[in-house]
Every structure is written in C-alpha cells, then in structure tokens.
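**Student:** Please arrange chains E and P on chain H, whose structure you already have, making use of the hints.
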Amino acid sequence: MAATTASPPKGGFGYRHPRARLAALLAAPMTWLVVVYLGSLAALFLTAFWTVDGFTSAIVRTFTFDNFIEVFTTPAYLQTMLRTLGIAIAVTIVCLVLAIPVAYFMARVARPRWQPLLVAMILTPLWASYLVKVYAWRAMLTPENGVIAWFASPFGLGGPGFGEVGIIITLTYLWLPYMILPVYAGFIRLPNSMLDASADLGAKGWRTFRSVIIPMIFPSVVAGSIFTFSLSLGDYITAQIVGGKVIMLGNVVQQNYVTNLPFAAAFATIPVVIVLMYLAIVRRSGALENL
Amino acid sequence: MQKTQLLKMLAVGGAAALALAACGGGSDSGSGGAPDVPMYEGPVGDGEGQLNILAWPGYAEDGSTDPAADWITPFEEQTGCQVNVKVFGTSDEAVKLMQGGGWDVVSASGDATLRLIYGSNVQPVNTDLTPNYADIFPDLKMQSHNSVNGVAYGMPHGRGANLLVWNKDVVGETADSWSIMFEPDSPAAGGVGPYDSPIYIADAAVYLMATQPDLGIKDPYSLDQTQFDAAIALLKEQKALVSEYWSDYNKQIEAITNGTMTGATSWQVLVNYYPENIGSTKAKEGATGWSDTWMIAKDTPNINCSYKWLDWIASPAINQQATAWFGEAPSNVKACDIDPQQCTDYHAGETAYWENVYYWNTPTEVCLDGRTDVKCVPYSEWSKAWSELRS
Amino acid sequence: MSTAIRLTGLRKTFGDVVAVDSVDLEVADGEFLTLLGPSGSGKTTVLRMVAGFEQPTAGAIELAGVDVTGTPPYNRDVNTVFQDYALFPHMNVLDNVEYGLRVKKVPKAERRSRAQEALDAVRLGDYGERKPSQLSGGQRQRVALARALVNKPRVLLLDEPLGALDLKLREQMQVELKELQREVGITFVFVTHDQEEALTMSDRIAVFDAGRIAQIGTPTEIYEHPKTAFVAGFVGVSNLLEAGAAATILGREGTWSVRPEKIRVMLGEASAEGNERAAAGTIHEVVYVGMATRFFVDLDAGGTLIAVQQNSHATSADVNAMRGQRVTLLWNTENEIHVGS
Chain H
5 MAATTASPPK GGFGYRHPRA RLAALLAAPM TWLVVVYLGS LAALFLTAFW TVDGFTSAIV
65 RTFTFDNFIE VFTTPAYLQT MLRTLGIAIA VTIVCLVLAI PVAYFMARVA RPRWQPLLVA
125 MILTPLWASY LVKVYAWRAM LTPENGVIAW FASPFGLGGP GFGEVGIIIT LTYLWLPYMI
185 LPVYAGFIRL PNSMLDASAD LGAKGWRTFR SVIIPMIFPS VVAGSIFTFS LSLGDYITAQ
245 IVGGKVIMLG NVVQQNYVTN LPFAAAFATI PVVIVLMYLA IVRRSGALEN L
Chain E
107 MQKTQLLKML AVGGAAALAL AACGGGSDSG SGGAPDVPMY EGPVGDGEGQ LNILAWPGYA
167 EDGSTDPAAD WITPFEEQTG CQVNVKVFGT SDEAVKLMQG GGWDVVSASG DATLRLIYGS
227 NVQPVNTDLT PNYADIFPDL KMQSHNSVNG VAYGMPHGRG ANLLVWNKDV VGETADSWSI
287 MFEPDSPAAG GVGPYDSPIY IADAAVYLMA TQPDLGIKDP YSLDQTQFDA AIALLKEQKA
347 LVSEYWSDYN KQIEAITNGT MTGATSWQVL VNYYPENIGS TKAKEGATGW SDTWMIAKDT
407 PNINCSYKWL DWIASPAINQ QATAWFGEAP SNVKACDIDP QQCTDYHAGE TAYWENVYYW
467 NTPTEVCLDG RTDVKCVPYS EWSKAWSELR S
Chain P
48 MSTAIRLTGL RKTFGDVVAV DSVDLEVADG EFLTLLGPSG SGKTTVLRMV AGFEQPTAGA
108 IELAGVDVTG TPPYNRDVNT VFQDYALFPH MNVLDNVEYG LRVKKVPKAE RRSRAQEALD
168 AVRLGDYGER KPSQLSGGQR QRVALARALV NKPRVLLLDE PLGALDLKLR EQMQVELKEL
228 QREVGITFVF VTHDQEEALT MSDRIAVFDA GRIAQIGTPT EIYEHPKTAF VAGFVGVSNL
288 LEAGAAATIL GREGTWSVRP EKIRVMLGEA SAEGNERAAA GTIHEVVYVG MATRFFVDLD
348 AGGTLIAVQQ NSHATSADVN AMRGQRVTLL WNTENEIHVG S
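Chains as they are written, first to last, in our numbering: chain H, 5 to 295; chain E, 107 to 497; chain P, 48 to 388.
Hint data in this document are derived by calculation from the structure and do not stem from the laboratory. Here the structure is a predicted model, which is why all the values come from computation and not from measurement. Careful, some of the hints might be misleading.
Unchecked claim - Which chain P residues stay away from chain H? Per the calculated CB distances, all over 12 Å, these:
| # | residue |
| --- | --- |
| 1 | Thr60 |
| 2 | Thr104 |
| 3 | Ala156 |
| 4 | Val169 |
| 5 | Lys225 |
| 6 | Glu230 |
| 7 | Val231 |
| 8 | Asp250 |
| 9 | Glu308 |
| 10 | Glu323 |
| 11 | Glu332 |
| 12 | Leu346 |
| 13 | Val355 |
| 14 | Asn367 |
| 15 | Ala368 |
| 16 | Asn382 |
As the list claims (entries may be wrong) - Residues on chain H that point at chain P, a partial pick, calculated with CB under 10 Å:
| # | residue |
| --- | --- |
| 17 | Asp204 |
| 18 | Ala207 |
| 19 | Arg211 |
Think of the CB as a built atom: it goes at the ideal place given N, C-alpha and C, for glycine as much as any other residue.
Bound conformation, chain H alone (with noise of 0.2 Å):
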C-alpha cells in the first residue's frame, strides 16, 4: 500500500445535513404558507372584530362583537346566507349528477386513446376567461331573447331567466370541470378486477353500481365536491351578472369592503367556517386524500 491514502470524496453540505438540506428546501413555500397565506386569513378574523371611523373609513382598532351581531340578526342577511348554502349545495348536486355519467364514460367506456383529448375537451372551457364564460351565459339566459328562451319557446315554456336558476345554472357550467376531473381520476384508479369481482359474484350492473362502484369513488366525488361547493361559496360576479336582483354573500361582502372593512370580514368568515366544517366531515371520509 503507498502511503498516501486518497480519502472518499465527501458530498455536499446538503448531503451530511439532511435536516438543513430540508428546511432549505421549504423555506420559501412555508414562509409564503404561513405569513401570506395563513396571515391573511388571521388578518381577516381579527379585523372582523374591530370597527371603523365614520369620518375616513379608516380602521379603529377596537374590540367589538357589533359586527358579527350584525350579520346574525338582520334577517336580510340570514336569507342571503342560506341561499348562498342552497346555491352552493344544489350546485354541488347539479354537478354530481352529470360529472359521474361522463366520468364513467371517459374512464370506462371510452377507449384509452381518446381518454387524454376527452380530459382536454373537458379542460377546454377552462382556458376560457371566466367573465366571458359568464356572458354567454347572460345571452343564453335573458328572458324573452335569450338562447334557452328561444329555443323553449315552441313548447309554450319560458328560460328560467336571471335569479337562482340562472345562478345554479351558471355556476354548474363553471365548475363542472372541477367535479369530473377528479370522478374520472377515480373511476381510473377503479381496478377493473373490481368490478369483474362483482359480476362474477352475481351482481347484475345496477347492483356493481350501487355497492361497490359509488362507494369506491366516493372520496372522489367528495373530492370535487369540495371544490365545487367552495367556488360556489364565494362566487359574486356570477350573481351580478346573472343573478337579476338576487346576491349572494359574495356580494355583500364586495359591497362592504370599501366603506366598513370589519364588517365586510365578519361576513366573509362566513363561508369560511362552513368551508371548515364541511372538510372537518368529509376528512373522515378519506376524501382529503384524493385531492
């Protein structure tokens, strides 16, 4: 042996710090995580208790319940709130019942060479902007000339116009992408020896359908429900634009914001906790993980 022995090379400082190696890597994302997005939304909660100058709508920062009292005791408010939940919750529904059916197509049924063009048909009307999406929805809807008017028309039947319908309508429309994407991601992780189990179990289509092919989405489904019940939530430029005379809490709070900031927060942690609960429900459902 001579006497001078090359040592190993030694890897880099990342390599023999692991934990550095780490907390360099998350540095940005957690700093971004915690104070942008986790301290705007504290930021929220707690200017929701605060009130504002009558003179410069300048924020006075002293503690007060007034404006959570507010938005629980006007009965107007309360109304806006639950039709906002109804829109939401039907929008969910209205979503479901149609991203499951085409889901199932595109996953199932489809050959697997048209799946990647049906998933970017799907996408399409995403790259759309959203305010446009929203006026042809507005031509689509308009009472008497609209296109769904139009069409109607001949059986003696009228469009369902702006308000609630053209609403849950509308936002079905924009969010419907959310809810199929990820059914179909299920029905693909679906092994087909699943169902071939159940056929050869004895159980007829319906049956495969109902006990084991619901039950395996579900996380799925709830999956996109999240989203669609969420965008719902919040949404207020569809409701302005077709919504007619109807608001929803979006809207209540894009109208508060400039002149009462406090109270304009009380109302947007509204959807907020309602958002919270529901994903405190369905994290049972293992559905978090399908995200």
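**Tutor:** Leaving out everything else, chains E and P in the frame of chain H:
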C-alpha cells in the same frame, strides 16, 4: 362618441364609470371650517421636470390605450414635466393614495373632494395662475364640492347627469318622470334597472323631493333619519319592479338593447348608442350626476408642473379631447367651439339643464344643506342600508 | 365422471392479435386443471372467457353440459380468485365474503354463518371485522378464496392467485390449496406461469403456447414426455440435442431432450454400459445452488447440455474447481425424449 371608442374605453377601465358612482367613502363629519392651507401665490415658473398624476381611467391618456388619445405627450413636450400616471378605481382609493403622499395632482369626484379638503390633503388653487379657468362654465365654479368659503380648491374637468332611459315599445313614446322606475303601476314593472350603489339612495331622494314635498328634502345627499327611512322604504317597494341592478355598463347595454331592462338610470355616454326605440331624458324631478375636479396635493414639490397641468387639462382643445374620450360634458366653454356636437349631446352649455342636477357628494353627519337642528345620515349608514336592501 | 367444462374451438382476437386460437378442452368434475404458459400465451384469456368477462370471438363454452357462451358472468355457476384478489376495500372481510350471498338474497342469518364457515376454513375466522388493507398478502389471498368458495360454485377459477406471494408463503399456499380442493371437491381451473407450481398441484396440466394448447396431460406425462421442444423447455430445463449432435451421439434423426437430473457427469473418459449413452465434452460453467450443482457442458459433437448433480459430498470449492475439465456425460437411453423432427 363612436362605438369603437366606447368599447376601447370599456377595455381601459370599465371600472371608471362604475367606480365614479360606487366610490362611496367613509363619512365626513364635516366638523370645523376648512383647514388653514396656504394658497400658492405664484408665479408659475419653469417646470420641476416631473409630475405625478392620480386619475380616473380615461382622464390622463398618453396614447398607450389608443394612439389617438394622447394629451400627455404634448404636455411633456411643452412643459418638460415628465408625467407618471396612476389610475385608481374608486374615490376611496384616491383618498387613501392621496393620504399616503407622493402624488401631485388628482382628479377627484364630488364625494372625494371634501374629504381631501378637510383632511388637509389638498391645497387651495390660485385661479389667477390658470388662465383657462376664466373659460370654465360659471355654474361649475365655486360649487359646494370644489370650494370652501369662497376659495376654489381645483379645476373643474367634466360633468354628467344620470339619465332616465326607457323602452318605447313598453313604456310609450314619451316619458319624463322617474315614476316609471318607482311606481307599482309602471309599465316598466319587472324591467326596472336601478344603479347598484349606495349612492343610488340619492336618486330615490330626488324623486321624493318632487313627490313628497312634506319630507322637506332640499339636497338628496343631506337626509335626516326620517327622510332617509322614506327613501329606503321607496327603494324596498321598487325592488318588486326591478329586473336587475346594474353597476357594470356592459350589463346595462346588453339588457337595454335586449329589451329585458325597460326603465332605468343611465348615462349619456351609453344613451348615445342605444337604438331608436330607447328614449332618454333628464327626468322632470331632476337627477343625480357627477362633476370632477383636478386638485393639487398640499405638499407637492412640483407646484409649477401641477399648475401647468391644471391649466393644460382645462384648455379648450385638451378639455374637449379628454371629456369626449370619456363621454361627458366639458368644463371649458370654448371646448364647445371645437366640437359643438359633443356639447349638444352632453348639454355642456345649458345652464338650466344642470340646475336640478345634484352632483355626487359625500353624505355626512353634519347636514350639507345647512340644517343644524338635525343630524344627517352619514355615508357609512347609506352603505349598510344599501347592502341590506340588496340582500 | 361427468364433464364440468367443455371448450370447443374457442378463439379470441383483440384487433389483429390472436390471443386464443382453436382451443378444445374438457375438464372433469372435481379435477384440478392447470393452464400453464408464459405471459401472453392465452391462458388467462381462456380463464376470463370461462368466467364470462370476455366474449369468445368463435367457439363454445359449456358448463356442466349447458352452453353458456353468451351468458353474463353473474349467471354462471363459477367463481374467480383474482390475481390482485380484487377485495372490495370499502367493506370489511366478512362483508366481502358475504357479498355473493347478499347479492343472491340469501337470508342474513344463513349468509352470516356460511361466511363465517368459509373464513374458518381458510383459518381467518377472527378477521371478519378487519378491512382488507389491514391484512397481509397471504391473508388477502385466503379471503379472496373464501369469498369465492362460500358460493359453492361448480367451478373455481384461479388467476395466478399465488403470484404476489413470496416463495415460502407460496409453497405453503400450494399445499393448502390442493388440500382445500380435495376437501371441497370443486373443480379448480388454475392459471400460472410457474411450472413447479403446476407440477406440484395439478391433476392435469394444459401447456399453452401462442394461444394454443401445446400439450395436455398429467404432470408426469408433461415432464417426462414433452411432445414439443417448447413444452420440454418451458416445463423443466431446455436440454436439447439437435440435428448434428443428435445424429452423432444418438445416431437418430430429429430433436431430442434429456432432463438434466437424468445425466451423470464423469471426469475424464468413460464408456457407456448396457443401455447407457455417453457424450464427451468440456465443462464451461458451474453453478452451485446449494443442494445441487448445475454443470454446463459443451459437447464435442456440438451444442450444450446441462447436468444436475446432488452435492452429496462435494463443496462449492470442489465443484468450482471443475470448470474447464474434460468430462463424459452418461444417461439411460430411455430418458431420451423425442421432442421434434
């Protein structure tokens, strides 16, 4: 105004007009007199080399939106003041930006001006130093929103009135009253289109001034609690007649031309391009409207450039160009020599026309109409009431 | 004995690909038949057609004398154990096993007791409340078995059910499966690509090659008398004497095979006695595998033969030292199998 131009303007900032009205702001307690900010004595010398402008969209154009709309480049060439423009969307944003400092001039609407004046954010304007001030329409000078105690605080820019529009096929050939928007037996019932902003409460007040004189409303922005409640009650009744509230003027254009909105408040700039079957007028009860003013920041280091800008924007050609671009009546009498059609369309010189136009103003607890025996409802309450009404 | 399954002229194509080509097969009641072949040989497709998951392109399937060619899977008296077990993840073990009975509307009490019985039979009686995800691979495999057997099918189809298990567990399950089949007396059709598994468990083996049955017979027939070079190579080790070598050494035409364990290796020169055959060659590789050693011998007459010798006395060092040595291979002529012309 040409259709393409209007569309371009929508593209620049559809928010402009929307914001003009939605501007709402915190209320002004109006306590005390005008702050003691000295007036610049002059003379206006060479420019300092730069000018920072806060403006409504469409008010300070440098040709980047449309090469034809450029009144900043020639200003820079003439004065050597390099211009930096920031566009704001609401009066509140304007006030907040002015409070933050760093801006030399601002185009303020009537509901922002007083707050800027009483907040010591702007300085009085020495109109002797701006020759074009002489040509401003007299009824725009020394108004309650642009002067305090006989001292001018700015250069009037342009004005507009909120008009009544109706669908002739539904309402009839002629109409002259807001009643088609408020009365339950209106032929426009189900197609009424009010403006979606707290400031619209003033429109109800204007109607009440005519229909319920007992309420004693003198100024639609100075409502005591009783008067205010009456206005809100009227608006609640109106809600049954409404098809849509509008705040975005694409929506109104679409709804009016499609015939789903048959009686509404509107602006001249929109009316100009409605079809034959849409009538428009300033209702006999009077109307709300806006009047904008260029103001100078209290601590501006660029005083010469600021005065040069005020004079520039008020000069006949530029005033005509800027107000035509936005779609409103110019403030300079001589602007009408350049484009008489614009002045006819927007009623620029018709003093009588503007007599019962109530320019947007910020309601404050101290009644703006001079009453001292009652407290008026401040804008923050207007805002709450509107949001509740809409819920 | 009556016939459980009869396949006639069964053919299945996927586009241009012929997966199964004119397969004729009869399976007797209570028989353990293995479909053996490499992947892509069509054995699983045959199984899936019997189960009803695939429709044959041509041919007929009879179950117990009844033509079921067009019958959907849920109306066939067969059950399947899937390669991935296909247990329903959202149901616990007992619900999984009960599923078939529940679908057939068997009263609750009866299906409980039958499911429990089936779980006891696979020694998982206490695992009814668990979810499949909480079980090991071997346990899942047994649940899948119980889930199929609880329906008392006429035929049980098993699609490489042991493929995912490790070697020890697999060997144990092979024995258990065979015992279970003997107990319940149900016809088993078992698909595998593992020749040892096939030889261990089956009453008969059908060897698949490119969509056809190359040979069908008892394990002994298949192993001792492969009819084709493919069968000889797939079942056991391919040990062929072809053309020139066959002519020189055997003095016969065609292709011949000799099983490696039938060959003795003698160092140096040796001569054949009685009905023995001798072939000289050189050891070019030695593989020590514990209980035995594999010698790769290049024959002077051409070709290579593998011979396996028990390591009764030899050590790893001993056998490794034999690399490159001259040897003579000896075997009994009755072990020469004609596998092709």
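**Student:** Next, verify each hint and record whether it holds.
**Tutor:** Hint-by-hint comparison with the structure:
no.: 1; hint: Thr60; result: holds, 16 Å
no.: 2; hint: Thr104; result: holds, 18 Å
no.: 3; hint: Ala156; result: holds, 19 Å
no.: 4; hint: Val169; result: holds, 17 Å
no.: 5; hint: Lys225; result: holds, 23 Å
no.: 6; hint: Glu230; result: holds, 22 Å
no.: 7; hint: Val231; result: holds, 17 Å
no.: 8; hint: Asp250; result: holds, 24 Å
no.: 9; hint: Glu308; result: holds, 39 Å
no.: 10; hint: Glu323; result: holds, 53 Å
no.: 11; hint: Glu332; result: holds, 35 Å
no.: 12; hint: Leu346; result: holds, 47 Å
no.: 13; hint: Val355; result: holds, 39 Å
no.: 14; hint: Asn367; result: holds, 29 Å
no.: 15; hint: Ala368; result: holds, 31 Å
no.: 16; hint: Asn382; result: holds, 43 Å
no.: 17; hint: Asp204; result: holds, 5 Å
no.: 18; hint: Ala207; result: holds, 5 Å
no.: 19; hint: Arg211; result: holds, 6 Å
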